[in-house]
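With the working numbering, letter number 128 in the sequence shown gets 110, and the count goes up by one each step, no holes.
Simulated from the structure, these hints should not be mistaken for laboratory data. Using N, Cα and C, we set each Cβ at its ideal position, and we do this for glycine too. Any given hint could turn out to be false.
Between beta-carbon pairs, the in silico distance windows are [stated by the list, open to error]:
1) K47 x E142: 47 to 53 Å
2) R63 x K25: 24 to 30 Å
3) R35 x F136: 17 to 23 Å
4) R35 x N171: 16 to 22 Å
Only pairs whose alpha carbons sit at most 35 Å apart, straight line, appear in this in silico DSBU-like list of lysine-lysine [unchecked claim]:
5) K151 x K20
6) K25 x K47
7) K20 x K160
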Amino acid sequence: MAISAPFCDRVMHQALTATLEPLFERRFIYDSYACRHKKGTHKAIKRFANFSRSSEYVLSMDISKYFASIDHGILLRLLSRRVSDDRVFSLCRMVIESSENSPGKGIPICNLTSQLFANIYLDVLDQHVKHNLRLRHYIRYMDDFVFFHNDKVFLHNLKEEITGFLSGKLELIVHPHKAQVVPISSGVNWLGFRIFSHHQRLRQSTVVRFLKRARRAKTSAGGVVRRFSSFLGLLDQKRRFLRPPLFIS
């Protein structure tokens, strides 16, 4: 995966994002929660809990190596449908094709524009789910998405349909070991939490992963403080969702 843009280029990424976002934001579905104003992890989990109270099963899926798999040609075609200014479109092309991945594939995960491009790319799935399949109980957080239903056979069939759609339409591969249909009553691992219909618990693996990253990080004392402050902020904002025990494996 290519590294993020140098600092001197980030102003350009911010300006390009500010230009493109209004063109696409009005089209995005309500239940897409990653990298969007007034959305985010906390609201996605709350929505998950709301949907789970009226369903027995959930189908959880994600995409293998999502950012590295985004096809440049498909992404540019999606952008061309709404970007009419040739200069803006040429800048989009330059940013997309500057990736150091295999030719024609992948965008850097850290760039601000990449977050928007990634949402535009999977909006194709969102529109298919909402307008063709007409499924209401669906949530996407970047390349992690879930479907809710009372019939587990329906969800198993849906898993095959979505897998085929993503492969044929967007050249994406669903992670084979993470696409699962599970009963909500047993709890569902999603976005770092184990979510039940009436409460959520922070997964122990989330804490362990954070501590490992903190140990490996070569940073200043101030940087360490910021890392731990970020993690404690997650706990603080989640306190209304947590129930004893705090962690679950």
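So which of the earlier hints does this model not fit?
1
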